[in-house]
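Start counting at 1 in the sequence shown, then tack on 185, and there's your number in this note's numbering.
Honestly, the hints are just simulated from the structure, not real lab data.
In this text, all values refer to a predicted model and were calculated from it rather than measured experimentally.
From the three backbone atoms N, C-alpha and C, an ideal C-beta is built for every residue, glycine too.
Certain hints may be false.
As the list claims (entries may be wrong) - Ranges of calculated distance between the beta carbons of each label pair, as one might list FRET restraints: (1) Asn393 x Asp414: 45 to 51 Å; (2) Arg326 x Tyr549: 33 to 39 Å; (3) Val611 x Arg503: 32 to 38 Å; (4) Pro487 x Asn393: 42 to 48 Å; (5) Glu458 x Arg503: 21 to 27 Å; (6) Gly438 x Asp520: 24 to 30 Å; (7) Asp569 x Tyr549: 39 to 45 Å; (8) Asn508 x Asp414: 20 to 26 Å.
To be verified - The calculated DSBU-like cross-link candidates involving lysine-lysine, where the alpha carbons are at most 35 Å apart (straight line), are: (9) Lys381 x Lys366; (10) Lys210 x Lys378; (11) Lys476 x Lys337; (12) Lys296 x Lys337; (13) Lys441 x Lys609; (14) Lys371 x Lys274; (15) Lys210 x Lys600; (16) Lys476 x Lys249; (17) Lys563 x Lys582; (18) Lys400 x Lys608; (19) Lys565 x Lys233; (20) Lys274 x Lys248.
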Amino acid sequence: MSTLVVLGTQWGDEGKGKVVHYLAKQADYIVRYQGGNNAGHTLIYENKPFVLHLIPSGILFPKKCCLIANGVVIDPKALKEEVFILNKKKIPIEGRFFISEQAHIILPYHKLIDEILEEGKVKIGTTKKGIGPTYADKVNRIGIRVVDYLEKDVFEDLLEKNLIEKTPILENSGINIVNLKKEILKDHKELSKFIKPFVADTSLMIENAIQRNKKVLFESAQGTLLDLDFGTYPFVTSSNPIAGGVCAGVGVGPTKINSVLGVVKAYTTRVGEGPFAVELFDEMGEFLREKGGEYGATTGRPRRCGWFDAVVVRHSVRVSSINHLILTKLDCMEDIDKIKICVAYKHKGKIYKEFPASRTIQKYAEPVYEEMPGFRGKVKGITDFNKLPINAQKYVKRLEQLVSAPIDLISLGRKREETIEVKKGVQWF
186 MSTLVVLGTQ
196 WGDEGKGKVV
206 HYLAKQADYI
216 VRYQGGNNAG
226 HTLIYENKPF
236 VLHLIPSGIL
246 FPKKCCLIAN
256 GVVIDPKALK
266 EEVFILNKKK
276 IPIEGRFFIS
286 EQAHIILPYH
296 KLIDEILEEG
306 KVKIGTTKKG
316 IGPTYADKVN
326 RIGIRVVDYL
336 EKDVFEDLLE
346 KNLIEKTPIL
356 ENSGINIVNL
366 KKEILKDHKE
376 LSKFIKPFVA
386 DTSLMIENAI
396 QRNKKVLFES
406 AQGTLLDLDF
416 GTYPFVTSSN
426 PIAGGVCAGV
436 GVGPTKINSV
446 LGVVKAYTTR
456 VGEGPFAVEL
466 FDEMGEFLRE
476 KGGEYGATTG
486 RPRRCGWFDA
496 VVVRHSVRVS
506 SINHLILTKL
516 DCMEDIDKIK
526 ICVAYKHKGK
536 IYKEFPASRT
546 IQKYAEPVYE
556 EMPGFRGKVK
566 GITDFNKLPI
576 NAQKYVKRLE
586 QLVSAPIDLI
596 SLGRKREETI
606 EVKKGVQWF
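Can you build the whole structure from these sequences, using the hints too?
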């Protein structure tokens, strides 16, 4: 048995796509276990960047089997567009890409409701892709799964019930329900045929793969601080990106997870609304945004930037039992004279070394910083940890101490070869 979970330790956008791309070469199966097309992985393929939102980035490697498991919510239109892009790039997916029959379907009314709710009093800062309303339907037990979508009579019956239930909120915003239903039924005829060849019992597929000692990589979307339970609630996503999300999101037991790898950026970013203690509103924040190209892969929104928050990452390490870390974008810290690290929060005279659940403390806490000398010189292109500037090495080692997990790899770019093995010979699988 050889399984590995790869997840984000901050608010997403840590560089998981490159990491999964780097490790997928060693894996046999790459599995998405939560989220939807609100995630975006920017990859370099044939020296050109392109973005995948749903399909695991391991699809770029021939003979790798990529799965979208039951914990993911699927927009059939978005999936079709992604398959079209891969076909256009002559990347074959037939026979090695599958979606769970138990995953829930995103329909046009989910996106409309998402937009309506975002314009309300409580702005979360969603991507308006319909992710939250789809998960809400799942919890309310009125959701439409892939298996339901493929059975015409079942789908039409469920659609009718859903439209009746959602008529008040939709009509109140000027949506014509009759026209909406016609649009959905028209799309269904084509899209149900499109997804049918990819549908499978992915939980059983993964169980069989594990029994055959295949190497399985479980890939999250978003990050720990967007986790529905352990994130900055309510400014979170609607699923569980933490390692525990694999069990319910895939259909495997916790004893089947061997190792958990956290991806962490050398500074901190978040997109959308919500508390962000280390956010910088000065020239340094703008420097990090421009140097790191901190604009959303899915929406293009500028990301909020701040210093490294060890309170956040330590929290992530604990709730997912992370035993490996990969540090990304260290190169974006070049030429900063003094680097700050948030080691605790302070609120009304009290020091918090662990991440607080209180909305009030999350919102109003002040970061407690320690300062380190920065480093100069180009680090991009270096592949030996000992050849990094000495202050860069000290920074990495200090982060390890603060978050209580080893940094085994450092990523210095989107290309696979732009990677430093800090600890040589790590067996990921």
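- Query: For the pair Asn508 and Asp414, does the Cβ-Cβ distance stay inside 20 to 26 Å?
  - Reply: holds (21 Å)
- Take a look at whether the Cβ-Cβ distance between Pro487 and Asn393 falls inside 42 to 48 Å. Since the Cβ atoms of Pro487 and Asn393 sit about 44 Å apart, the hinted range of 42 to 48 Å holds.
- Message: So if I understand the rule, the pair passes when the alpha-carbon distance is 35 Å or less; does Lys210 with Lys600 pass?
- Response: holds (13 Å)
- Message: Against the 35 Å threshold, does the CA-CA distance of Lys296 and Lys337 hold or violate the hint?
- Response: Roughly 22 Å between the alpha carbons, so the hint for Lys296 and Lys337 holds.
- Query: Are Lys381 and Lys366 close enough, with their CA atoms no more than 35 Å apart?
  - Reply: Holds, at roughly 22 Å.
- Message: Need the status of pair Lys371, Lys274: alpha-carbon distance at most 35 Å?
- Response: Roughly 28 Å between the alpha carbons, so the hint for Lys371 and Lys274 holds.
- Verdict for Val611, Arg503 (Cβ pair) under range 32 to 38 Å: Distance hint for Val611, Arg503 is violated at roughly 21 Å.
- Item | Given hint Lys609 paired with Lys441 - CA-CA distance at most 35 Å | holds (25 Å)
- Take the C-alpha atoms of Lys274 and Lys248, compute the straight-line distance between them, and say whether it is at most 35 Å. holds (16 Å)
- Item | Supplied distance hint 24 to 30 Å, evaluated on CB atoms of Gly438 and Asp520 | violated (48 Å)
- In this structure, is the beta-carbon distance linking Asn393 and Asp414 contained in 45 to 51 Å? The hinted range 45 to 51 Å is violated for Asn393 and Asp414, with Cβ atoms some 30 Å apart.
- Given pair status - Lys249, Lys476, alpha carbons within 35 Å: Cα-Cα ~34 Å, so holds.
Of the hints listed earlier, those the structure fails to meet are numbers 1, 3, 6 and 11, in rising order.
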